[in-house]
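Chemist: Fit chain Z to the known structure of chain U by using the hints.
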Amino acid sequence: MNYEAVIGLEVHAELLTKTKIFCSCTTEFGGEPNTHVCPVCLGLPGTLPVLNKKVVEYAVKAGLALNCEISKFSKMDRKNYFYPDLPKAYQISQYDLPLCKNGYVEIETSDGVKKKIGLTRIHIEEDAGKLMHENIDGSLVDYNRTGVPLIEIVSEPDMRTPEEAYLYLTKLKSVLEYSEVSDCKMQEGSLRVDTNVSVRPVGSNEFGTKIELKNLNSFKAVQRALEYEIKRQIKLIENREKIVQETRRWNEQKGVTESMRSKEEAHDYRYFPEPDLVPIIVSDEWKEEIRKSLPEMPEYKKERFVSQYGIPEYDASVITSSKPLADFFEKCALEYSSAKIISNWIMGEMMRLLKETGKEIDEVPIKPHQMASLLNLIDNGTITGSIAKTVFEDMFMTGKNPEEIVEEKGLKQLSNEDELREIAIKVIKDNPKSVEDYKNGKDKAIGFLVGQMMKATKGKANPQLANKLLKEELSK
Amino acid sequence: MELHELKIHELHDLLKNKEVSAVDVTKAYLERIKEVEPQVDALISITEEYALKKAEEADKMIQDGNINDLTGIPVIIKDNMCTENIRTTCASKMLEDFVPPYNATVVENLSNLGAVMVGKANLDEFAMGSSTENSAFKTTKNPWDLSRVPGGSSGGSAASVAADECAFSLGSDTGGSIRQPASLCGVVGMKPTYGLVSRYGLVAFASSLDQIGPLTKDVTDCAIVLNAIAGHDPKDSTSVDKMRKKDYKEFLKDDIKGIRIGYSKEFFGEGLDDGVRESIESSLKIFESLGAEVKEISLPYLDYALAAYYIVSSAEASSNLARYDGIRYGHVATNYEDLIDMYMVSRSEGFGKEVKRRIMLGTYALSSGYYDAYYNKALKVRTLIKKDYEKAFEDVDVIVGPTSPTTAFKIGERVEDPLAMYLADVYTVPVNIAGLPGLSLPCGLSNDLPVGLQIVGRHFDEGVVLNAAYAFEKACNFNAKPSFKGGAR
Chain U
1 MNYEAVIGLE
11 VHAELLTKTK
21 IFCSCTTEFG
31 GEPNTHVCPV
41 CLGLPGTLPV
51 LNKKVVEYAV
61 KAGLALNCEI
71 SKFSKMDRKN
81 YFYPDLPKAY
91 QISQYDLPLC
101 KNGYVEIETS
111 DGVKKKIGLT
121 RIHIEEDAGK
131 LMHENIDGSL
141 VDYNRTGVPL
151 IEIVSEPDMR
161 TPEEAYLYLT
171 KLKSVLEYSE
181 VSDCKMQEGS
191 LRVDTNVSVR
201 PVGSNEFGTK
211 IELKNLNSFK
221 AVQRALEYEI
231 KRQIKLIENR
241 EKIVQETRRW
251 NEQKGVTESM
261 RSKEEAHDYR
271 YFPEPDLVPI
281 IVSDEWKEEI
291 RKSLPEMPEY
301 KKERFVSQYG
311 IPEYDASVIT
321 SSKPLADFFE
331 KCALEYSSAK
341 IISNWIMGEM
351 MRLLKETGKE
361 IDEVPIKPHQ
371 MASLLNLIDN
381 GTITGSIAKT
391 VFEDMFMTGK
401 NPEEIVEEKG
411 LKQLSNEDEL
421 REIAIKVIKD
431 NPKSVEDYKN
441 GKDKAIGFLV
451 GQMMKATKGK
461 ANPQLANKLL
471 KEELSK
Chain Z
477 MELHELKIHE
487 LHDLLKNKEV
497 SAVDVTKAYL
507 ERIKEVEPQV
517 DALISITEEY
527 ALKKAEEADK
537 MIQDGNINDL
547 TGIPVIIKDN
557 MCTENIRTTC
567 ASKMLEDFVP
577 PYNATVVENL
587 SNLGAVMVGK
597 ANLDEFAMGS
607 STENSAFKTT
617 KNPWDLSRVP
627 GGSSGGSAAS
637 VAADECAFSL
647 GSDTGGSIRQ
657 PASLCGVVGM
667 KPTYGLVSRY
677 GLVAFASSLD
687 QIGPLTKDVT
697 DCAIVLNAIA
707 GHDPKDSTSV
717 DKMRKKDYKE
727 FLKDDIKGIR
737 IGYSKEFFGE
747 GLDDGVRESI
757 ESSLKIFESL
767 GAEVKEISLP
777 YLDYALAAYY
787 IVSSAEASSN
797 LARYDGIRYG
807 HVATNYEDLI
817 DMYMVSRSEG
827 FGKEVKRRIM
837 LGTYALSSGY
847 YDAYYNKALK
857 VRTLIKKDYE
867 KAFEDVDVIV
877 GPTSPTTAFK
887 IGERVEDPLA
897 MYLADVYTVP
907 VNIAGLPGLS
917 LPCGLSNDLP
927 VGLQIVGRHF
937 DEGVVLNAAY
947 AFEKACNFNA
957 KPSFKGGAR
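Sequence lines, in order, name chains U and Z.
The first sequence stops at residue 476 when you use our numbering, and every number in between is there.
The second sequence stops at residue 965 when you use our numbering, and every number in between is there.
For reference, chain U alone in the conformation it holds in the complex:
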């Protein structure tokens, strides 16, 4: 029998407001534990929350960017549970009347199929604090994060494969970044993903037993955890074993999902309307004002890049997947004439280094004008293309100007004919086999010899000149 998965995602994103959702404490990440706190976010007796208007504005902005209906009337509710990271023993959230509902995200699978993933709702809520258990006797709590505003984005169970889930998340992240409502940094916890997955025979309309997956630290982890979990569930079904509704965690090291808690242990949150806050009213005027503040969204930017800069659609979609990346590209394009060369460098070296270092584009110190300088250095023959890669890596790490790096490390291209001719003669002498091949009509052999010259000059030889001199010497 063939099976298909039914996948739904819950994404928590921290909003980029300067102050917390119910008080004026800073939302800045880090800081000594318990320094970004006040009586209100600590929930001390007698204190009251006052809703930060910016939070509503940002959440509406996210809702509009994600094609949602914005509720004219919504309210806050209390979600009650005991945990040491939750100072009031309830979280102020939204229950039956979320701020945004019925949106969608459009994804395009690797086969080029476009698909809309429905969004059930987006609601606002406060974050909890952070528990620290390491290297101490007992546990400590840092309340700096309590009261940081979050939006929870709940999708419809519209995804059928781990790939679709991955694409959905990537798209969602880029829209949130574009709207500038969240920085979406997973390593700082400003984007957190939980997923629900069940499995059913293809063609069935019924849902299988749902498993919730938690502890997913990256989009790749989401994809891998789903792949594992889907296989696990199919195996259980085929062995006629029962799937128990439960919450499972992803163990990254072992590459498996593990049971966390069963449905029987599920909480009764005893939601009820938050009596300390008045309802949230979003007028049409306010909504339109927020709509006007929305920047260009990725799909429009992508089309524009293709027509304005003449880069291929594939390049445009890669570059516009992240707003900082797209911004970087556009700024470079202002300083350097060939957009295609810029996109090659971004998709090649830049993406490679980002992946290797795990950095975000806005953490990279390279300025667009420095990038343009580097490309100019290649064009005017100061450095070779391969040396440029070394220079770029240095720029990526240090933020130094390319000219400075070239100077410091002596990387200028070697174009001195006498010097290069000497090397060419030596290379010919050292590689009689290749010389013979060349003379027997194997033109390719010249490439090897050029390579040897590059090796001898540590990549600095002007490749055209090296080629010319080799041919001259060989024809003697």
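Below, in silico cross-link-like pairs of lysine-lysine (DSSO-like), each with a Cα-Cα straight-line distance of 30 Å or less:
(1) Z:Lys863 - U:Lys75
(2) U:Lys254 - U:Lys242
(3) Z:Lys856 - U:Lys101
(4) Z:Lys856 - U:Lys72
(5) U:Lys458 - U:Lys471
(6) Z:Lys711 - U:Lys130
(7) Z:Lys569 - U:Lys130
(8) U:Lys442 - U:Lys426
Think of the hints as simulated: they come from the structure by calculation, not from any bench.
As the structure is a prediction and not an experimental result, all values here were calculated from the model.
Modeler: Frame of chain U; chain Z shown alone:
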């Protein structure tokens, strides 16, 4: 007349004319407290040092010509309102050592005006109760008869005013906790419209019902204190912007000709003491004699008010009191096995019986499967009661009736019967459910104990309530003083 017997406006005249200093006044009250407190037990903390410092500041204000109605006036604050660097216990073991680093907005307002806090009043633990017997620390006695309760939960606040330990006090009223003890102690007590006074710094019992208000010796003082505490507070988003800054003293006129006064036949049902009934009936006659139009109205859903109230208030209380887990402040258990056990033992030890009863009730009412049957139903009843009042207020300007069905009852009499205790609030609870302003003032004696008359107005119509109360007070001329007789049990 002794200083401590004076009303706010009388003390103010003396201070203004520099016949006495604020320090003199404060010392006189601190003396009075030392004298009567052993009998009354109205206070959890006496803030002598703080008061003398504040009194000096007040004298400085007066010397600078900066005097207002409350400068140098001694006040006692119910101990569920946060006072910066002064412990705020809620009469609970849970918060026995809790010292807030901030002032409640009302406390801040009074402090800015130069009022002098001389102590913090006893209450039923977390303001849950109708007799002030549910305090973890002491039982306050009624100055009229020391073997009787002062009412609750602001029993300490009411008794302290009746016993002249202060010129006025602040209480909080969730289901009648200002008006009922005011009635039982023979003072004036007002619960303003929900949202008129900031709740910031009031340790929450039931957020959608709680409201802070004054307990005073007469209606004029009530208007003076209301002037000081009413107003929008950016720290409380349920405090309202509209109806800003009225001068409530302007409503203190003895002319009420043409005011339409309603009374409901539902007020005179079972459980009402004969003595109370007689006082209320003669009060209606006083209103008539003043030229008011007195007519009967109907509030049919009143019967369900108490049930709905105990669901909603307990539900909110169960949530509001969940934060007391012993982790960051408050009582923490010394012997426990794990985290959950630590929560359970700390809360078992820290909370009293009545508080636990309501937490249980509220948790149950909100739990899945019961929500619709209880909480949701209670919200519907709440809407019906609001509509009852709206309809009634089409025909009348204020509604009057008894504040409490009985006069002060004996200490211990109802302790074992919570339902009988809950009936003490039967006339006051519907007013909180509808968020309306209500005032209780003495209207006579029954068996030497004071009877309270309740006047309820439309939302933000405190002015009309004060007008009716002021005219009544003049005509009724209630001037009996507590006897301090009896002695506890």
